[in-house]
Amino acid sequence: MKEIKVDLEYPEIDIDSVSMSDCRCLMEDYGGAESELTAILTYMYQAYIVSDMPEYKELYDTLEGIAITEMHHHEMLGETIVKLGGTPVMGGMHKFWNGSMVNYCKDVINMINIDIKAENIAIENYKKTMRCLQNYSIRELIERIIMDEELHILALEEQKRKILGN
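Residue numbers (the numbering used here): 1 to 166.
Note that these hints are calculated values from the structure, not bench results.
Any given hint could be a false lead.
To be verified - Here are the simulated SDA-like cross-link-like pairs (lysine to any residue), alpha carbons at most 25 Å apart as the crow flies:
#1 83 x 19
#2 83 x 18
#3 95 x 126
#4 2 x 68
#5 127 x 4
#6 83 x 94
#7 117 x 104
#8 127 x 85
#9 162 x 68
#10 128 x 147
#11 127 x 68
#12 106 x 157
#13 57 x 110
#14 83 x 40
#15 95 x 23
#16 2 x 109
#17 117 x 164
#18 127 x 97
#19 128 x 93
#20 57 x 6
#21 83 x 21
#22 117 x 34
#23 106 x 161
#24 162 x 114
#25 106 x 55
#26 117 x 163
#27 106 x 33
#28 128 x 139
#29 2 x 116
What the hints assert, rightly or not - Pairwise CB distance ranges, derived in the manner of DEER restraints:
#30 104 x 157: 19 to 29 Å
#31 107 x 34: 17 to 27 Å
#32 55 x 15: 43 to 53 Å
#33 96 x 128: 14 to 24 Å
Please read all numbers here as calculations on a predicted model, not as lab measurements.
Idealized CB from N, CA, C, for every residue including glycine.
Between the sequences and the hints, there should be enough to build the whole structure, so can you do that?
What follows is the structure, given as structure tokens:
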């Protein structure tokens, strides 16, 4: 199992004081409907679906690799929330996370299209988060995570091209 991530270290987080404001900024990305948690479970579900299909071995590896990277993002966000004085709750600011947030599509091409759309939404959400954050080092972390999300789009687009024979 290999992460699909940019070959660049994640920045160190420098937190010198509790900031519930910054903590709230991170909660949706951590555990909301369009969060790292949802991404992890969606990619793992999809990997399970294609795991017994030899023609999708490379797609399986891609989905699993992206899921592992999303787990790392989730871990870093959770640890940052704790350092800021918060509690990393599985849920955003308005409702708790639940299994209906996972996309259960089984059609491979639709699955990939949905994943690409979700990665684009994640990037936009992270950009909103960056505008909300006061702490510069956390903004740097979010910028670094965005790089991975952009790479995920490229990896998914490549898989789609291969499956379609383009």
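Cross-check of the supplied hints:
1. Taking the CA atoms of residue 83 and residue 19, the gap is near 9 Å; set against the 25 Å cutoff, the hint holds.
2. With a CA separation close to 7 Å, the supplied pair residue 83 and residue 18 stays within the 25 Å bound.
3. Of the supplied pair hints, the one linking residue 95 and residue 126 holds, its CA atoms being roughly 19 Å apart against a limit of 25 Å.
4. This hinted pair checks out: residue 2 and residue 68 have alpha carbons roughly 8 Å apart, not beyond 25 Å.
5. Distance hint between residue 127 and residue 4 is fulfilled; the C-alpha atoms sit about 21 Å from each other, no more than 25 Å.
6. At roughly 22 Å between alpha-carbon atoms, residue 83 and residue 94 fall within 25 Å of each other, so this suggested pair holds.
7. Restraint check for residue 117 and residue 104: the C-alpha separation of about 15 Å stays at or below 25 Å, so the hint holds.
8. Taking the CA atoms of residue 127 and residue 85, the gap is near 23 Å; set against the 25 Å cutoff, the hint holds.
9. Proposed proximity of residue 162 and residue 68 is supported: the alpha carbons are some 22 Å apart, at most 25 Å.
10. Between the alpha carbons of residue 128 and residue 147 the distance comes to roughly 15 Å, so the proposed pair stays at or under 25 Å and holds.
11. Straight-line distance between C-alpha atoms of residue 127 and residue 68 comes to about 22 Å, which keeps the hinted pair within the 25 Å bound.
12. Restraint check for residue 106 and residue 157: the C-alpha separation of about 17 Å stays at or below 25 Å, so the hint holds.
13. For a cut-off of 25 Å, the pair hint linking residue 57 to residue 110 stands: about 17 Å separates their Cα positions.
14. Under the criterion of a C-alpha separation no larger than 25 Å, the hint pairing residue 83 with residue 40 is consistent with the structure, at around 23 Å.
15. For the hint pairing residue 95 with residue 23, the CA-to-CA distance comes to about 16 Å; that is within 25 Å, so the pair holds.
16. Distance check on the hinted pair: residue 2 and residue 109 sit about 23 Å apart at the alpha-carbon level, within 25 Å; holds.
17. A hinted pair counts as satisfied when its Cα atoms are at most 25 Å apart, and residue 117 with residue 164 qualifies at roughly 18 Å.
18. This hinted pair checks out: residue 127 and residue 97 have alpha carbons roughly 22 Å apart, not beyond 25 Å.
19. For the suggested pair residue 128 and residue 93, the alpha carbons sit about 15 Å apart, so the restraint of at most 25 Å is met.
20. Distance restraint check for residue 57 and residue 6: the Cα-Cα separation of roughly 22 Å lies within the 25 Å cut-off, and the hinted pair is therefore satisfied.
21. Pair hint residue 83 plus residue 21 holds up; C-alpha atoms about 13 Å apart against a cutoff of 25 Å.
22. Simply put, residue 117 and residue 34 have alpha-carbon atoms about 11 Å apart, close enough for the 25 Å limit, and the pair holds.
23. Between residue 106 and residue 161 the alpha-carbon distance is near 18 Å, which keeps this suggested pair within the 25 Å criterion.
24. Using a Cα cut-off of 25 Å, the hinted pair residue 162 and residue 114 holds, with the two alpha carbons roughly 17 Å apart.
25. Distance hint between residue 106 and residue 55 is fulfilled; the C-alpha atoms sit about 15 Å from each other, no more than 25 Å.
26. For a cut-off of 25 Å, the pair hint linking residue 117 to residue 163 stands: about 18 Å separates their Cα positions.
27. Between the alpha carbons of residue 106 and residue 33 the distance comes to roughly 20 Å, so the proposed pair stays at or under 25 Å and holds.
28. Note on residue 128 and residue 139: the hinted pairing holds, with a Cα-Cα distance of about 11 Å set against a maximum of 25 Å.
29. Proximity of residue 2 to residue 116 is assessed by CA-CA distance (about 20 Å); at most 25 Å being required, the pair is judged to hold.
30. With their beta carbons about 22 Å apart, residue 104 and residue 157 fall inside the hinted range of 19 to 29 Å.
31. In this structure the hint that residue 107 and residue 34 lie 17 to 27 Å apart at CB holds, the actual value being about 21 Å.
32. Remark: the range hint 43 to 53 Å for residue 55 to residue 15 is upheld by a beta-carbon distance near 47 Å.
33. Distance hint for residue 96 and residue 128: a CB-CB separation of about 21 Å, consistent with the stated range 14 to 24 Å.
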